[in-house]
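Trainee: Each chain is listed here by its residues.
There are 2 protein chains.
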Amino acid sequence: MPTKLSTAEENYLKAIYKQAEKGGAPVNTNAIARELSTAAASVSDMLRKLSAKGLIAYQKYYGATLLDEGNRIATKLIRRHRLWESFLVATLSFGWEEVHDLAEELEHIDSDLLIDRLDQFLGYPKFDPHGDPIPDRQGRYTLRVQHLLSEMPIQQHLTVVGVSNHDPEFLHLLKDLNIQLGTRLDIVQKFEFDDSLKVLIEEHTSVIISNRISSQLYVRPA
Amino acid sequence: MPTKLSTAEENYLKAIYKQAEKGGAPVNTNAIARELSTAAASVSDMLRKLSAKGLIAYQKYYGATLLDEGNRIATKLIRRHRLWESFLVATLSFGWEEVHDLAEELEHIDSDLLIDRLDQFLGYPKFDPHGDPIPDRQGRYTLRVQHLLSEMPIQQHLTVVGVSNHDPEFLHLLKDLNIQLGTRLDIVQKFEFDDSLKVLIEEHTSVIISNRISSQLYVRPA
DNA sequence: ATATATTTTTAGACAAGACTAAAAATAATT
DNA sequence: AATTATTTTTAGTCTTGTCTAAAAATATAT
Ligand SMILES: [Mn+2]
Ligand SMILES: [Mn+2]
Ligand SMILES: [Mn+2]
Ligand SMILES: [Mn+2]
Chain V
1 MPTKLSTAEE NYLKAIYKQA EKGGAPVNTN AIARELSTAA ASVSDMLRKL SAKGLIAYQK
61 YYGATLLDEG NRIATKLIRR HRLWESFLVA TLSFGWEEVH DLAEELEHID SDLLIDRLDQ
121 FLGYPKFDPH GDPIPDRQGR YTLRVQHLLS EMPIQQHLTV VGVSNHDPEF LHLLKDLNIQ
181 LGTRLDIVQK FEFDDSLKVL IEEHTSVIIS NRISSQLYVR PA
Chain S
223 MPTKLSTAEE NYLKAIYKQA EKGGAPVNTN AIARELSTAA ASVSDMLRKL SAKGLIAYQK
283 YYGATLLDEG NRIATKLIRR HRLWESFLVA TLSFGWEEVH DLAEELEHID SDLLIDRLDQ
343 FLGYPKFDPH GDPIPDRQGR YTLRVQHLLS EMPIQQHLTV VGVSNHDPEF LHLLKDLNIQ
403 LGTRLDIVQK FEFDDSLKVL IEEHTSVIIS NRISSQLYVR PA
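Heads up: the sequence lines are chains V and S, in that order. Residue 222 is where the first sequence ends in my numbering, and the numbering goes up by one at each step. Residue 444 is where the second sequence ends in my numbering, and the numbering goes up by one at each step.
It is worth saying that the hints were derived from the structure and are not from the lab. Watch out, some of these pointers could steer you wrong.
[What the hints assert, rightly or not] The list that follows gives simulated cross-link-like pairs (lysine-lysine, DSBU-like), each with its CA atoms no further than 35 Å apart: (1) V:Lys-76 - S:Lys-298; (2) S:Lys-226 - S:Lys-282; (3) V:Lys-4 - S:Lys-275; (4) V:Lys-4 - S:Lys-412; (5) S:Lys-240 - S:Lys-271.
Could you put the whole structure together from the sequences, leaning on the hints where they help?
Mentor: Printed below as a string of structure tokens:
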């Protein structure tokens with residue numbers, strides 16, 4: 001039943017998807033409320049509606065889980081979001097810190113043809129500007145090898161492959177540090193006191209970064 | 223006061239702009255209702271709101287006229303609409319009959335930077351895929367030389383420069399006739415009986431077209 | 001186990017934007 | 001000028017999505 005969903009309904013589905021990915025299912029009400037900056041009462045209302053539409057499984061006081069159709073829709077939204085972000089960066093020269101909010105709106109434009117043409121135009125990219133995988137038309141995507149920088153041992157040669165926070169401030173800070181996708185890092189030293197790290201950027205500049213940063217940066221060996 | 227407007231408010235402003243352009247100001251309630259396929263009662267409500275926001279001049283039972291700020295916003299929406307249509311056709315290979323409805327949604331994405339970058343990427347086009355002028359950042363645009371085909375004398379060499387109807391069916395019909403922007407036409411004969419015309423397309427194919435068509439096709443000499 | 005704290009749901013209200021039906025104003029006809 | 005027709009506005013209702021405050025359920029701590 002491909003019923004036309006509202007922007008609000010779509011955002012809720014996406015929020016449930018994201019929270020399930022992060023914390024596992026079922027997703028509880030407050031997590032969704034936090035994700036969408038909305039009141040818990042509003043979430044309860046919407047969960048009832050989405051459940052009535054057969055998009056999620058929902059039990060009061062327990063939590064919500066995406067059903068097949070809900071999952072399909074959420075994945076499609078993520079595909080759209082990430083393709084628009086790719087377009088904005090690759091074609092319109094936006095910075096990676098500027099694109100999330102725009103994509104948050106563009107993802108609700110409802111046209112499979114549009115998004116497939118965009119995909120084609122961009123050359124079927126596999127990852128978006130933040131390093132996140134882009135689902136294909138069938139919803140399949142490539143998982144990247146990723147470890148949190150904060151959990152890597154000392155001295156390995158590492159490459160930045162992603163960020164788990166798309167906040168403009170965070171991304172801007174990385175830009176200031178000259179850290180972007182593909183940047184090479186070495187962990188020089190770990191400070192147990194506050195879990196901060198001394199890292200060498202591009203075998204060049206040495207900086208100390210807080211755990212707040214290293215725990216939101218994905219890297220892979222080499 | 224650059225207050226953030228809703229999609230609905232924006233669509234009303236654009237409808238008023240369009241109707242004023244066509245039939246002159248003030249624009250009456252039913253014209254707007256027809257343009258937006260909405261009930262007259264809904265229009266009355268909205269006119270009161272837009273008037274309260276200082277975007278239109280509105281007198282009950284008389285009609286609505288865009289004020290400066292309303293006009294600025296409507297022009298900006300038209301700019302966005304036509305740039306998105308241009309993008310879809312030029313970059314994503316859409317047909318000119320497929321782009322209007324998508325642009326109707328895309329135009330509400332609120333970012334000057336986005337639209338200026340798009341403009342730049344497209345090479346600052348002056349006209350959209352239907353031949354309509356695209357306002358620049360300041361809202362200025364080039365008027366094209368245009369005459370309705372139905373009002374031209376016999377035998378002149380003509381070039382198609384636009385259409386006054388963006389309906390997919392109409393545009394598709396033109397496509398079938400091999401008529402698009404830039405197509406060369408000659409009027410071979412006029413039939414007074416029903417104002418139909420015999421025209422030669424690209425000095426090639428001769429067809430008879432109804433007044434319904436010739437009165438929605440813009441041409442210029444040469 | 002019982003009391004306390006937290007989470008979630010319900011109840012009730014509100015704003016935006018739409019509709020229908022009825023009333024009021026304006027326009028057109030006889 | 002009076003009647004009829006048309007247009008527009010008002011009145012009242014509905015849906016969606018949001019909120020706050022209160023009640024209910026669940027989890028935590030003593
Ligand atoms: Mn994003
Ligand atoms: Mn969104
Ligand atoms: Mn259009
Ligand atoms: Mn629109």
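Trainee: Hinted pair, alpha-carbon criterion (35 Å max): S:Lys-226, S:Lys-282. Please report holds or violated.
Mentor: Since the Cα atoms of S:Lys-226 and S:Lys-282 sit roughly 26 Å apart, the hinted pair holds (cutoff 35 Å).
Trainee: What's the verdict on V:Lys-4 and S:Lys-412, does the C-alpha distance respect the 35 Å limit or exceed it?
Mentor: Status violated; Cα separation ~48 Å.
Trainee: Taking only the CA atoms, is the gap from V:Lys-76 to S:Lys-298 under or equal to 35 Å?
Mentor: 30 Å, holds
Trainee: Tell me if the straight-line CA distance from S:Lys-240 to S:Lys-271 falls inside 35 Å.
Mentor: 19 Å, holds
Trainee: Assess, step by step, whether the Cα of V:Lys-4 is no farther than 35 Å from the Cα of S:Lys-275, and give holds or violated.
Mentor: 32 Å, holds
Against the hints set out earlier in the document, a violation occurs for number 4 only.
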